[in-house]
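Protein chains in written order, with the numbering used here: chain G, 64 to 370; chain S, 64 to 370.
Just to be clear, a hint being listed does not mean it is correct.
In this list, chains with the same sequence are indistinguishable; a pair is considered to hold if it fits within one copy or across any two.
Stated by the list, open to error - With a straight-line cut-off of 16 Å between C-alpha atoms, the simulated EDC-like cross-links for lysine to aspartate or glutamate are: (1) 357 <-> 280; (2) 178 <-> 65; (3) 357 <-> 338; (4) 368 <-> 315; (5) 368 <-> 319; (6) 118 <-> 135; (7) 118 <-> 138; (8) 368 <-> 354; (9) 251 <-> 238; (10) 251 <-> 270; (11) 251 <-> 337.
None of these hints come from the bench; they were simulated from the model.
Protein chains: 2
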Amino acid sequence: MEMLTVGTVAFDDITTPFGRAEKVIGGAGLYSAIAASYFTGPVNLVSIIGGDWPKDELAALQQRGIDIDGIEIKDDKKSFFWAGKYHDNMNGRDTLATELNVLAEFDPVLPDHFKDSKYILLGNLTPEVQSKVLDQIDPGTELIVLDTMNFWMDVALDQLKEVIKRVDLITINDEEARQLSGEYSLVKAAEVILKMGPKYLIIKKGEHGALLFHGSEMFFAPALPLAEVKDPTGAGDSFAGAFLGYIANSGDTSFENMKRGIIYGSALASFCVEDFSINRVKGLSEMEINERLKTFQSLSQFDLKLG
Amino acid sequence: MEMLTVGTVAFDDITTPFGRAEKVIGGAGLYSAIAASYFTGPVNLVSIIGGDWPKDELAALQQRGIDIDGIEIKDDKKSFFWAGKYHDNMNGRDTLATELNVLAEFDPVLPDHFKDSKYILLGNLTPEVQSKVLDQIDPGTELIVLDTMNFWMDVALDQLKEVIKRVDLITINDEEARQLSGEYSLVKAAEVILKMGPKYLIIKKGEHGALLFHGSEMFFAPALPLAEVKDPTGAGDSFAGAFLGYIANSGDTSFENMKRGIIYGSALASFCVEDFSINRVKGLSEMEINERLKTFQSLSQFDLKLG
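Using the sequences plus the hints, can you model the full thing?
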């Protein structure tokens with residue numbers, strides 16, 4: 064089934080203990096669309112770029128089955144730019160520079176053929192932009208997923224809560240879940256957040272895995288322990304894109320199938336962090352992905368032989 | 064099969080955001096023996112206490128199938144005492160007081176009928192005491208498990224490394240694994256530590272679960288997300304005791320069976336933190352334990368339907 068993702072398509076400047084990647088392509092929209100494209104198609108990408116974003120990379124997206132008709136190009140402007148430096152343990156990062164550029168005037172207008180998308184991923188953007196996208200989507204969606212971050216909780220909590228009411232699933236990290244709910248325990252945080260509207264909540268814990276909550280049900284997916292993490296940028300977006308791509312392709316939004324989706328998401332995230340930018344996540348073979356999925360199985364499956 | 068555990072039987076004074084427990088019974092030997100006693104017996108407990116440790120609690124241990132012949136009682140001395148305060152998020156704690164008392168003169172002499180124990184848990188003690196216990200064990204053991212902590216890496220690293228050579232499995236937390244190996248990545252840390260002698264390594268990550276390493280194999284068990292954690296004291300010891308108790312009873316030291324053992328250990332740890340001291344972990348029913356094991360199954364099991 065058709066899936067739509069909205070998010071930044073941008074440039075990043077990334078420093079990690081393993082090196083630096085200067086002005087490489089990035090952005091939540093880019094990572095999520097690429098990750099989703101392994102599992103479903105077309106992937107309708109909604110974003111905005113400047114004239115500086117490489118045209119050959121746009122063509123590469125099309126070759127993957129990503130529909131770029133929803134990418135507005137402002138030829139005389141510059142693309143969104145983010146520079147960050149990760150701490151030695153990779154668990155934290157400092158933002159060194161944020162240049163909104165075209166993003167400051169992002170007022171998404173969906174191509175008509177995007178409007179009947181059934182699976183929607185609202186990448187981390189202002190709640191206002193996220194709302195505007197939802198306003199243009201035809202009724203009868205199957206699953207609307209919202210990603211957001213602490214920044215919007217700080218500066219636009221009311222608008223954020225309005226969007227949250229309109230979605231089926233939120234994906235945020237553990238600190239954000241605590242901030243949004245006012246509860247330290249993630250179990251209690253989930254209870255509070257699930258009362259805000261969504262039926263599902265995914266709490267991302269980075270190297271410590273991810274939790275899925277639905278009513279009183281709970282599922283935990285581990286992150287893959289890796290010998291080397293080169294660059295965590297885009298891992299959460301790859302996770303969300305692969306998750307929704309898998310769900311969209313199967314057309315199954317049951318809790319059991321969401322468990323599978325989370326493992327697919329975790330697998331793509333594990334590839335993403337193995338190299339800078341989209342270097343690792345852009346050229347995966349079906350065999351590599353299947354091997355990685357099997358690694359997740361052997362990592363976490365057991366048989367208690369209970370009666 | 065017979066299992067032996069050596070560790071402190073003591074008093075704790077514990078402050079957490081949920082309250083305070085003054086001079087309650089505790090200690091690694093106590094927690095591990097009680098947890099193990101649900102799954103195997105007899106559990107041979109080796110420890111030392113003062114005349115102040117309650118006699119009725121000793122009798123309660125015997126009723127559980129714990130053999131206390133290896134507990135030396137110094138009637139005119141005081142038991143080991145530890146006071147600690149947990150941080151608001153329960154992830155860290157400060158030691159407020161440590162009174163060694165009888166522990167300063169702990170020179171374990173194993174009763175003859177303990178010496179043929181096949182499953183040995185060396186609780187967190189000086190490497191010298193751990194070695195002395197091993198010296199008294201008959202050859203032909205099935206599994207020797209060593210628990211230790213950063214303190215011994217700081218003050219007695221050489222002696223610690225000597226004991227490590229003699230055991231089959233080490234259990235330490237993530238920070239300790241990093242300190243012992245000099246590697247930040249837990250995968251790399253495991254490679255280094257498995258070259259020190261043991262065939263198996265369990266890295267405990269507290270609320271983030273536990274990892275089992277063996278050769279190139281890796282297994283991850285989640286911790287159970289809980290609405291309330293009242294007191295983390297003894298969780299790691301309950302984990303280790305239940306793990307080895309399960310393995311001892313089954314007589315199966317295969318990797319597949321160790322996976323099960325780790326889930327049993329995680330289940331007992333999840334009970335332990337629900338209340339202060341041994342309050343929760345001492346009175347579990349078989350049904351409660353089975354229900355908890357099933358919760359761990361539904362928390363982490365999925366079916367990818369791969370070919």
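We went through each hint and held it up to the structure:
In this homomeric assembly, residue 357 and residue 280 come within 16 Å of each other (Cα to Cα) only across copies, at 13 Å, whereas the closest approach inside a single copy is 24 Å. For a Cα distance limit of 16 Å, the shortest separation of residue 178 from residue 65 inside one copy, 10 Å, qualifies, whereas the shortest one across copies, 67 Å, does not. Proximity of residue 357 to residue 338 under the C-alpha cut-off of 16 Å is found in neither arrangement, the shortest distances being 21 Å within a copy and 38 Å between copies. Taking CA atoms no more than 16 Å apart as the test, residue 368 paired with residue 315 passes between copies only; the shortest distance there is 14 Å, against 29 Å inside one copy.
For the identical chains of this complex, residue 368 and residue 319 are inter-copy neighbours only, at 12 Å across copies versus 21 Å inside a copy, given an alpha-carbon limit of 16 Å. Taking identical chains as interchangeable, the C-alpha atoms of residue 118 and residue 135 lie at most 16 Å apart only when both belong to the same chain, with a minimum of 13 Å there against 78 Å between chains. In the homo-oligomer, the alpha carbons of residue 118 and residue 138 lie at most 16 Å apart inside one protomer (11 Å), although the nearest pairing across protomers, at 83 Å, exceeds that limit. Proximity of residue 368 and residue 354 under a CA criterion of 16 Å is satisfied inter-copy only: 13 Å between copies versus 26 Å inside one chain copy.
In this homomeric assembly, residue 251 and residue 238 come within 16 Å of each other (Cα to Cα) only inside a single copy, at 13 Å, whereas the closest approach across copies is 27 Å. When the C-alpha separation of residue 251 and residue 270 is checked against a cutoff of 16 Å, the pair qualifies only between copies, where the shortest distance is 15 Å, while the shortest distance within a copy is 22 Å. In this assembly of identical chains, residue 251 and residue 337 lie within 16 Å of each other by CA distance solely across copies; the values are 15 Å between and 33 Å within a copy.
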